[in-house]
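Visitor: Those protein sequence lines, which keep their order, are chains A and B. Okay, so the first sequence: first residue is 1 according to our numbering, each after it adds one. Okay, so the second sequence: first residue is 1 according to our numbering, each after it adds one.
It should be emphasised that the hints constitute simulated quantities derived from the structure, not laboratory data. Treat each hint with caution, since some may be false.
Claimed, not checked - Computed list of lysine to aspartate or glutamate pairs in DMTMM-like fashion (alpha-carbon distance at most 25 Å, straight line): (1) B:12 - B:196; (2) B:175 - A:329; (3) A:12 - B:328; (4) A:12 - B:208; (5) A:194 - B:196; (6) A:194 - B:313; (7) A:294 - A:239; (8) A:175 - B:328; (9) A:245 - A:268; (10) A:12 - B:332; (11) B:175 - A:359; (12) A:194 - B:187; (13) A:12 - B:311; (14) A:194 - B:311; (15) B:12 - A:328; (16) A:227 - B:196; (17) A:401 - B:109; (18) B:12 - A:208; (19) B:175 - A:328; (20) B:194 - A:69; (21) A:175 - B:332; (22) B:227 - B:311; (23) B:227 - A:196; (24) B:245 - B:268; (25) A:12 - B:100; (26) B:401 - B:41; (27) A:175 - B:359; (28) A:175 - B:329; (29) A:401 - B:100; (30) B:194 - A:308; (31) B:194 - A:208; (32) A:12 - B:359; (33) A:194 - B:308; (34) A:401 - B:359; (35) B:401 - B:100; (36) A:227 - A:316; (37) B:401 - A:359; (38) B:194 - A:196; (39) B:245 - A:109; (40) B:12 - A:311.
2 protein chains.
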Amino acid sequence: MSLDTQITDLAKNARAAARITANLSAEQKNQALMAIAAGLEAAKTDIQAENKKDSDAAEKAGLSPAMIDRLTITDKVLTGMADGLVYLAGLNDPVGTLSDSAIRPNGLEMARMRIPLGVIGIIYESRPNVTVDAAGLCLKAGNAVILRGGSEAIHSNRILARVIQEGMADAGLPKAAVQVIDTPDREAVNLVLKQEACIDLIIPRGGEGLIRHVVAHSTIPVLKHYKGVCHAYVDDLADMDMAIKIAVNAKAQRPGVCNALETLLVHDTIAPVFLPRVAEALKEAGVTIKGCQKTCILLPGTAPATQEDWEAEYLDLVLAVKVVKDMDDAMDHIATYGSNHTEAIITGDYDRSRRFIREVDASLVIVNASTRFNDGGELGLGAEIGISTSKLHAYGPMGIKELTTTKFVAWGSGQVRS
Amino acid sequence: MSLDTQITDLAKNARAAARITANLSAEQKNQALMAIAAGLEAAKTDIQAENKKDSDAAEKAGLSPAMIDRLTITDKVLTGMADGLVYLAGLNDPVGTLSDSAIRPNGLEMARMRIPLGVIGIIYESRPNVTVDAAGLCLKAGNAVILRGGSEAIHSNRILARVIQEGMADAGLPKAAVQVIDTPDREAVNLVLKQEACIDLIIPRGGEGLIRHVVAHSTIPVLKHYKGVCHAYVDDLADMDMAIKIAVNAKAQRPGVCNALETLLVHDTIAPVFLPRVAEALKEAGVTIKGCQKTCILLPGTAPATQEDWEAEYLDLVLAVKVVKDMDDAMDHIATYGSNHTEAIITGDYDRSRRFIREVDASLVIVNASTRFNDGGELGLGAEIGISTSKLHAYGPMGIKELTTTKFVAWGSGQVRS
Chain A
1 MSLDTQITDL AKNARAAARI TANLSAEQKN QALMAIAAGL EAAKTDIQAE NKKDSDAAEK
61 AGLSPAMIDR LTITDKVLTG MADGLVYLAG LNDPVGTLSD SAIRPNGLEM ARMRIPLGVI
121 GIIYESRPNV TVDAAGLCLK AGNAVILRGG SEAIHSNRIL ARVIQEGMAD AGLPKAAVQV
181 IDTPDREAVN LVLKQEACID LIIPRGGEGL IRHVVAHSTI PVLKHYKGVC HAYVDDLADM
241 DMAIKIAVNA KAQRPGVCNA LETLLVHDTI APVFLPRVAE ALKEAGVTIK GCQKTCILLP
301 GTAPATQEDW EAEYLDLVLA VKVVKDMDDA MDHIATYGSN HTEAIITGDY DRSRRFIREV
361 DASLVIVNAS TRFNDGGELG LGAEIGISTS KLHAYGPMGI KELTTTKFVA WGSGQVRS
Chain B
1 MSLDTQITDL AKNARAAARI TANLSAEQKN QALMAIAAGL EAAKTDIQAE NKKDSDAAEK
61 AGLSPAMIDR LTITDKVLTG MADGLVYLAG LNDPVGTLSD SAIRPNGLEM ARMRIPLGVI
121 GIIYESRPNV TVDAAGLCLK AGNAVILRGG SEAIHSNRIL ARVIQEGMAD AGLPKAAVQV
181 IDTPDREAVN LVLKQEACID LIIPRGGEGL IRHVVAHSTI PVLKHYKGVC HAYVDDLADM
241 DMAIKIAVNA KAQRPGVCNA LETLLVHDTI APVFLPRVAE ALKEAGVTIK GCQKTCILLP
301 GTAPATQEDW EAEYLDLVLA VKVVKDMDDA MDHIATYGSN HTEAIITGDY DRSRRFIREV
361 DASLVIVNAS TRFNDGGELG LGAEIGISTS KLHAYGPMGI KELTTTKFVA WGSGQVRS
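Model the full assembly from the supplied sequences, consistent with the hints where possible.
Guide: Okay, here's the thing in structure tokens:
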């Protein structure tokens, strides 16, 4: 069977399975999630043996220790996957609920009914726990899912898929509701991206290169973010201690993630006092500063920032720092270099806090708190499948609700149009 | 200036204008809509003179009378455009409203704030009133818009764009918030579809060929429907008089639109009684039937339907008719041949009405009423910019709300993550 036929069949089977999963009760879906969680714990030895094949191969191939770390299913990672599914089972099921109901002048009763999206394709790199997390979230929302992980995690993903499918079968669900594409052939991804008749949404998770490839080749809608170039603007009316605490947390608490701070913008008036203080705290946290001209004058010995620094997503203990004239100057910088991900202001001023919230275009705009709060768990979504900086359908963290949509429903008594 | 540079500049100007329109008050936007409406009436003679150039050229080029009809800006069409803008000015402005507010355990207060999508590109064919309708809707929702109409309406679109921009300037709005691409070069469309950094959404309106071209070439999210293959299932427990009335209305009241009925599915048990009656009523309305084998036996002289008929969007006074075993058989047919547009059931049975509503996947699922109600106005959205059969962001008619999205906003008091 050609790869083309394989992928087309797989997509058709997913579409057929989605007709079934769309109509499952919350109880049936939760039973499947619990069965998969139990299966993961039961198959722990086998899963870790298969996972070792991947990490051994990665070591041989000379992958970085960080990459190998992300790949490895430790006891803690495995328990985390199972616990995540149990947590999902406890969340509310939004499918089938009605909203925006109205009775039209002709007596027609209408509403919007929340329904699953249908079939979701997830294309991701390295971390095999995405296989379980993504499958669980999609299933909870009533969707079928097609998973395509990285070739470096192929043994892990295969056995995880088997455990997931066995759990689903135990709960009476169709196995085709969760399918893993395990051919190493990269053409498989491009073929998935053309199954517009059977797949409703593609979510790519990984580096910018992967995501740009997916967007360029997909005829299916894509939810994604390319990168997080997040700013914090420290206003002249900011509480400086708070600003220092937030800057250090946003930059250094976990520098490798998309909601970490990349550029600090500081109001001209307070820069002479604030910059030496924040620089000291950042230095203690191991952060290197790249500064604008004024910053370099106020902080002698600072490396000068170039154009590239304003555009950089360092994902590292490096921070670009720029002195700005005022909030408008800061907002202009954000509009030019921001990635619509997370933007913070630290201020004690009422009017500026309101203007910043309204006028800055980002998936989270936050006052007097760390950029690190742009996260499904932190914002109360329960669980997230990623963060979107596209504005369509979802802008910000995507939870169960973002894996659903609404259709219109209407009840009549013989109405016709005239 | 190369076309590439022209389009890139135009997109950048739209992005800059969108930063302004996003923060206009409802009053400012409504003033602009009223100014444009007044401008249309004032420039009536000029508009119709320019429009005549297009219709004369269309006549010379041998376009069909229906096409020329769609192109012509009669007094009634012009008044309709102006009235539409006045109506829009009267609708609620959703921008800036908050929802899903919560206080997190750490004291962080969060909510979702409704915001404009940003920059919207509309790519459409022939009818020049789309220029005004689409510009008005996008503006009301706080967006900037780039319009690319068909070359056959180029003179009309140019003068309409001028009138729109003058109205906006009168109200103090940036002209770049509504821009018309008036080069006849078809490459312009492809260039627009690559301006991902500056355009947030593409809405194509026209034939399936145009829409497939847009989807295949766009890296920007697209909201669209390819076609409407709408079904009505007449259950054995249907009120037959009601079913006949609905079938005739859905098919014949306006056959050329996407929510018109294309296939009638009839329960086996009632087919011998129902088919002759509905066939007579349809015949009176000028409708030709293409029937399945059973239909052809019950209605001698009926042309037999082929595979193509089940897939057809006739947009004409032709109706495919199929006898089905039961509701499951009907739902299977709909899942196979439907276009996720509009699906109706006519039944007196409580359980079946509920199952059909829940299980059928279409942008409108309707009980005991005509498919023709899948329309923004009829469903109470106020005004619509089109119908989406993609499930992402919008499924069904798209009104002002569908031209907006939400961002997360949060207010803290120094919170950091641990």
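Visitor: Confirm or reject each hint.
Guide: Cross-check of the supplied hints:
1. Annotation: proposed proximity of residue 12 of chain B to residue 196 of chain B holds, straight-line Cα distance about 11 Å (limit 25 Å).
2. For the given pair, residue 175 of chain B sits about 24 Å from residue 329 of chain A by alpha-carbon distance, which is consistent with the 25 Å threshold.
3. Taking the CA atoms of residue 12 of chain A and residue 328 of chain B, the gap is about 19 Å. The hint holds against a cut of 25 Å.
4. The hinted pair formed by residue 12 of chain A and residue 208 of chain B meets the criterion: a straight-line CA distance of about 23 Å does not exceed 25 Å.
5. Under the criterion of a C-alpha separation no larger than 25 Å, the hint pairing residue 194 of chain A with residue 196 of chain B is consistent with the structure, at around 20 Å.
6. Restraint check for residue 194 of chain A and residue 313 of chain B: the C-alpha separation of about 23 Å stays at or below 25 Å, so the hint holds.
7. A threshold of 25 Å between alpha carbons decides the hint, and for residue 294 of chain A with residue 239 of chain A the separation of about 22 Å falls inside it, so the pair holds.
8. Under the criterion of a C-alpha separation no larger than 25 Å, the hint pairing residue 175 of chain A with residue 328 of chain B is consistent with the structure, at around 22 Å.
9. The straight-line distance between the Cα atoms of residue 245 of chain A and residue 268 of chain A is roughly 20 Å, inside the 25 Å bound, and the hint therefore holds.
10. At roughly 14 Å between alpha-carbon atoms, residue 12 of chain A and residue 332 of chain B fall within 25 Å of each other, so this suggested pair holds.
11. Straight-line distance between C-alpha atoms of residue 175 of chain B and residue 359 of chain A comes to about 20 Å, which keeps the hinted pair within the 25 Å bound.
12. The suggested pairing of residue 194 of chain A with residue 187 of chain B holds, with an alpha-carbon distance near 23 Å, which does not exceed 25 Å.
13. Distance hint between residue 12 of chain A and residue 311 of chain B is fulfilled; the C-alpha atoms sit about 18 Å from each other, no more than 25 Å.
14. Annotation: proposed proximity of residue 194 of chain A to residue 311 of chain B holds, straight-line Cα distance about 21 Å (limit 25 Å).
15. At most 25 Å may separate the alpha-carbon atoms for a hinted pair to count; residue 12 of chain B and residue 328 of chain A meet this at roughly 19 Å.
16. Restraint check: the Cα-Cα separation between residue 227 of chain A and residue 196 of chain B comes to about 14 Å, which is no more than 25 Å; the hinted pair holds.
17. Only pairs whose Cα atoms come within 25 Å are accepted, and residue 401 of chain A paired with residue 109 of chain B is accepted, the gap being roughly 20 Å.
18. Taken as a hint, the residue 12 of chain B and residue 208 of chain A pair is honoured in the structure, with Cα atoms around 23 Å apart against an allowance of 25 Å.
19. With a C-alpha separation of about 22 Å, the suggested pair residue 175 of chain B and residue 328 of chain A falls inside the 25 Å cut-off, and the hint holds.
20. At most 25 Å may separate the alpha-carbon atoms for a hinted pair to count; residue 194 of chain B and residue 69 of chain A exceed this at roughly 37 Å.
21. Taken as a hint, the residue 175 of chain A and residue 332 of chain B pair is honoured in the structure, with Cα atoms around 20 Å apart against an allowance of 25 Å.
22. With a CA separation close to 10 Å, the supplied pair residue 227 of chain B and residue 311 of chain B stays within the 25 Å bound.
23. Distance hint between residue 227 of chain B and residue 196 of chain A is fulfilled; the C-alpha atoms sit about 14 Å from each other, no more than 25 Å.
24. This hinted pair checks out: residue 245 of chain B and residue 268 of chain B have alpha carbons roughly 20 Å apart, not beyond 25 Å.
25. A C-alpha spacing of about 36 Å is found between residue 12 of chain A and residue 100 of chain B, which places the hinted pair above 25 Å, so the restraint is violated.
26. The suggested pairing of residue 401 of chain B with residue 41 of chain B is violated, with an alpha-carbon distance near 28 Å, which exceeds 25 Å.
27. This hinted pair checks out: residue 175 of chain A and residue 359 of chain B have alpha carbons roughly 20 Å apart, not beyond 25 Å.
28. Simply put, residue 175 of chain A and residue 329 of chain B have alpha-carbon atoms about 24 Å apart, close enough for the 25 Å limit, and the pair holds.
29. A threshold of 25 Å between alpha carbons decides the hint, and for residue 401 of chain A with residue 100 of chain B the separation of about 12 Å falls inside it, so the pair holds.
30. Under the criterion of a C-alpha separation no larger than 25 Å, the hint pairing residue 194 of chain B with residue 308 of chain A is consistent with the structure, at around 23 Å.
31. Proposed proximity of residue 194 of chain B and residue 208 of chain A is supported: the alpha carbons are some 17 Å apart, at most 25 Å.
32. Pair hint residue 12 of chain A plus residue 359 of chain B holds up; C-alpha atoms about 18 Å apart against a cutoff of 25 Å.
33. At roughly 23 Å between alpha-carbon atoms, residue 194 of chain A and residue 308 of chain B fall within 25 Å of each other, so this suggested pair holds.
34. Annotation: proposed proximity of residue 401 of chain A to residue 359 of chain B holds, straight-line Cα distance about 19 Å (limit 25 Å).
35. Proximity of residue 401 of chain B to residue 100 of chain B is assessed by CA-CA distance (about 16 Å); at most 25 Å being required, the pair is judged to hold.
36. A C-alpha spacing of about 14 Å is found between residue 227 of chain A and residue 316 of chain A, which places the hinted pair at or below 25 Å, so the restraint holds.
37. Restraint check for residue 401 of chain B and residue 359 of chain A: the C-alpha separation of about 19 Å stays at or below 25 Å, so the hint holds.
38. Only pairs whose Cα atoms come within 25 Å are accepted, and residue 194 of chain B paired with residue 196 of chain A is accepted, the gap being roughly 20 Å.
39. Pair hint residue 245 of chain B plus residue 109 of chain A holds up; C-alpha atoms about 19 Å apart against a cutoff of 25 Å.
40. Between residue 12 of chain B and residue 311 of chain A the CA atoms are separated by roughly 18 Å; this keeps the pair inside 25 Å, and the hint holds.
Going down the numbered hints, you'll see the structure goes against 20, 25 and 26, while the others check out.
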